[in-house]
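> Below are the chains, spelled out letter by letter.
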Amino acid sequence: MKKPSLWTVFLMLFFLVVTLLVAKTFIVKIKVTHLREEPQFYARSLAVLKNGENVEQLEVKGSWIKVKSSQGKTGWIHTSAVKPKQFALLQVADSLKTETSADEVALAGKGFNKQVEGEYKARNPNISFAMVNQMLKIEISSSEIKAFLKKGRLGEFRGEE
Amino acid sequence: MRNKKTVILMAFGLIASLVAISCSVMEEGAGIFDKVSKIVTSDKETVSKTTKAVRSSFGDISEEEEYYIGRAVSAIILSRYSVYNDDALNKYINKVGKAVVFHSERPETYAGYHFLILDTEEVNALSAPSGFIFISKGLLKRCEDEDMLGCILAHEVGHVQKKHGLQAIKNSRLVDAFTLIGQKAVEKYGPEKLNKITNIFEGALSDIAEKLIERGYDRKYEYEADRLSVKIAAQTGYDPSGLVGFLKTMEQESSQKEAKGWFKTHPSAGDRIKRAQKEISSLAFIPEKAPARSMRFNKAVQGLK
Chain A
1 MKKPSLWTVF LMLFFLVVTL LVAKTFIVKI KVTHLREEPQ FYARSLAVLK NGENVEQLEV
61 KGSWIKVKSS QGKTGWIHTS AVKPKQFALL QVADSLKTET SADEVALAGK GFNKQVEGEY
121 KARNPNISFA MVNQMLKIEI SSSEIKAFLK KGRLGEFRGE E
Chain B
1001 MRNKKTVILM AFGLIASLVA ISCSVMEEGA GIFDKVSKIV TSDKETVSKT TKAVRSSFGD
1061 ISEEEEYYIG RAVSAIILSR YSVYNDDALN KYINKVGKAV VFHSERPETY AGYHFLILDT
1121 EEVNALSAPS GFIFISKGLL KRCEDEDMLG CILAHEVGHV QKKHGLQAIK NSRLVDAFTL
1181 IGQKAVEKYG PEKLNKITNI FEGALSDIAE KLIERGYDRK YEYEADRLSV KIAAQTGYDP
1241 SGLVGFLKTM EQESSQKEAK GWFKTHPSAG DRIKRAQKEI SSLAFIPEKA PARSMRFNKA
1301 VQGLK
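Heads up: the protein sequence lines correspond to chains A and B, in order.
Quick note on numbering: our numbering labels position 102 of the first sequence as 102, and the sequence is numbered without any gaps.
Throughout, our numbering is defined as the position within the second sequence, counted from one, plus 1000.
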């Protein structure tokens, strides 16, 4: 068998490194999400993942990703809850004295935040947030929504008799 | 000799790969070598500068920022309208809303989707960024069944999914905000900066409120939300012709009503009906209505005053 040329070795190595490093880590971009047993919103929650947490992709199924959390738990999350982690050279090579990526540091709690809302409230006392907070309290549990879909022949229960 | 050469080439390959990866994902700005030399200094401030001004449009607004914008827009809406206080009915609306949300492309937002009924005879539905969705009592009274309600809520979810509210914010305001915010991690704003950022926040809110409440979205956004309504409703299992049925009701009423709410902020129903029908005919599968849904809808709205 012919020995692979140096260029072949070089290219293989290049692609191997790229594959290993790019777009396999995601960051939770919403306040909280659940690590679920199945790729369904009403599936059992295995853990709560908070904003900024990193997860490793294991498998993709439609809009769902099977991931491993930083605590080592595996489960499913929806793609809309995460964003791909930006890779900077600093993160790739720890030996170069890694700083966390600028994006992560930058965006949590930045821009329009609770403090800005507080200032806005002080300026506009006639605009009340009380009902907004009430609205946020309306919660539908996983079991309630599952029963609702099932009874209404919706989602995966469509066409069932 | 050959082995040594291999090792050198492999090492070179590894370094080249690392540089290529980091460059490919670093944001726009100066040239490649400029970035690398900055990075190697391991200086946080430098990293911040490298990625500064990366944010430039509505698409760069973070989920958390969108949530705070959505909260304040909702507070403005709720300062103009009262809430229809019927816990059971509000819960029912939230179940229908969640059902369609789960079948949309953006089911997860910072604090999730929430739905609320406004106590007004005006016919209207509004969606604030990040998933705060309002439906008026007047509109609910015109809903014939759960499928129609599902289509209307799916239309609003479509606006949230495509961030139409955020697109109403003047770009110059966002550029000002992003420049002011910068990239440095700051725990709290000082008084001067807080004053400036709140001015921009207020400006952004008035941009959105004007579109949402006073003038309505651009026609193209309404068409897009209709298209998504058909798609999401069908994926959920609702009959998407509920949207057409609702638009027909609106068309009939539009001549009799003074220009308020829906009639003031939405393009004429006729054109939308044709487009929605075309969209429905292109679906691979059209779900049918189910008696169980009609029954629970009638039960939920029977006490509506």
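Hints in this document: simulated from the structure, not taken from any laboratory.
It is possible that some hints are incorrect.
Listed below are the simulated SDA-like cross-link pairs for lysine to any residue, each with C-alpha atoms no more than 25 Å apart in a straight line [stated by the list, open to error]:
{"id": "1", "chain 1": "A", "residue 1": "Lys-85", "chain 2": "B", "residue 2": "Thr-1198"}
{"id": "2", "chain 1": "B", "residue 1": "Lys-1091", "chain 2": "B", "residue 2": "Gln-1277"}
{"id": "3", "chain 1": "A", "residue 1": "Lys-146", "chain 2": "B", "residue 2": "Val-1301"}
{"id": "4", "chain 1": "B", "residue 1": "Lys-1274", "chain 2": "B", "residue 2": "Thr-1198"}
{"id": "5", "chain 1": "B", "residue 1": "Lys-1289", "chain 2": "A", "residue 2": "Ser-143"}
{"id": "6", "chain 1": "B", "residue 1": "Lys-1095", "chain 2": "A", "residue 2": "Lys-121"}
{"id": "7", "chain 1": "A", "residue 1": "Lys-31", "chain 2": "B", "residue 2": "Thr-1198"}
{"id": "8", "chain 1": "B", "residue 1": "Lys-1289", "chain 2": "A", "residue 2": "Phe-157"}
{"id": "9", "chain 1": "A", "residue 1": "Lys-31", "chain 2": "A", "residue 2": "Leu-136"}
{"id": "10", "chain 1": "A", "residue 1": "Lys-83", "chain 2": "A", "residue 2": "Ala-47"}
{"id": "11", "chain 1": "B", "residue 1": "Lys-1274", "chain 2": "B", "residue 2": "Glu-1288"}
{"id": "12", "chain 1": "A", "residue 1": "Lys-50", "chain 2": "A", "residue 2": "Ser-142"}
{"id": "13", "chain 1": "A", "residue 1": "Lys-121", "chain 2": "B", "residue 2": "Leu-1180"}
{"id": "14", "chain 1": "B", "residue 1": "Lys-1095", "chain 2": "A", "residue 2": "Arg-158"}
{"id": "15", "chain 1": "B", "residue 1": "Lys-1163", "chain 2": "A", "residue 2": "Phe-157"}
{"id": "16", "chain 1": "B", "residue 1": "Lys-1211", "chain 2": "A", "residue 2": "Arg-158"}
{"id": "17", "chain 1": "B", "residue 1": "Lys-1162", "chain 2": "B", "residue 2": "Gln-1277"}
{"id": "18", "chain 1": "A", "residue 1": "Lys-121", "chain 2": "B", "residue 2": "Glu-1063"}
Stretch-level coverage of chain A by chain B, calculated; a stretch enters the list once three of its residues show a Cβ under 8 Å from a Cβ in chain B [said to hold, decoys possible]:
{"id": "19", "stretch": "61 to 68"}
{"id": "20", "stretch": "72 to 82"}
{"id": "21", "stretch": "126 to 136"}
{"id": "22", "stretch": "139 to 150"}
{"id": "23", "stretch": "153 to 159"}
Values in this document were obtained by computation on a predicted structure and should not be read as measured data.
Each residue gets a CB set at the ideal place from its N, CA and C atoms; glycine is no exception.
> Run every hint past the structure and note whether it holds.
Cross-check of the supplied hints:
1. A:Lys-85 with B:Thr-1198: violated (30 Å)
2. B:Lys-1091 with B:Gln-1277: Distance of about 31 Å is beyond 25 Å: violated.
3. A:Lys-146 with B:Val-1301: holds (21 Å)
4. B:Lys-1274 with B:Thr-1198: Roughly 43 Å between the alpha carbons, so the hint for Lys-1274 (chain B) and Thr-1198 (chain B) is violated.
5. B:Lys-1289 with A:Ser-143: Between Lys-1289 (chain B) and Ser-143 (chain A) the Cα gap is close to 23 Å, so the pair holds against 25 Å.
6. B:Lys-1095 with A:Lys-121: violated (31 Å)
7. A:Lys-31 with B:Thr-1198: holds (22 Å)
8. B:Lys-1289 with A:Phe-157: holds (14 Å)
9. A:Lys-31 with A:Leu-136: Satisfied, since the Cα-Cα distance of roughly 13 Å is no more than 25 Å.
10. A:Lys-83 with A:Ala-47: Within the cut-off at roughly 19 Å; holds.
11. B:Lys-1274 with B:Glu-1288: Cα-Cα ~20 Å, so holds.
12. A:Lys-50 with A:Ser-142: Distance of about 19 Å is within 25 Å: holds.
13. A:Lys-121 with B:Leu-1180: holds (21 Å)
14. B:Lys-1095 with A:Arg-158: holds (16 Å)
15. B:Lys-1163 with A:Phe-157: violated (30 Å)
16. B:Lys-1211 with A:Arg-158: violated (37 Å)
17. B:Lys-1162 with B:Gln-1277: holds (21 Å)
18. A:Lys-121 with B:Glu-1063: holds (21 Å)
19. 61 to 68: Violated - the stretch 61 to 68 of chain A has 1 residues with a Cβ nearer than 8 Å to chain B, which falls short of three.
20. 72 to 82: holds (count 3)
21. 126 to 136: holds (count 9)
22. 139 to 150: Per the Cβ count (5), the hint holds.
23. 153 to 159: Since 5 is at least three, the answer is holds.
Of the numbered hints listed earlier, those contradicted by the structure are 1, 2, 4, 6, 15, 16 and 19.
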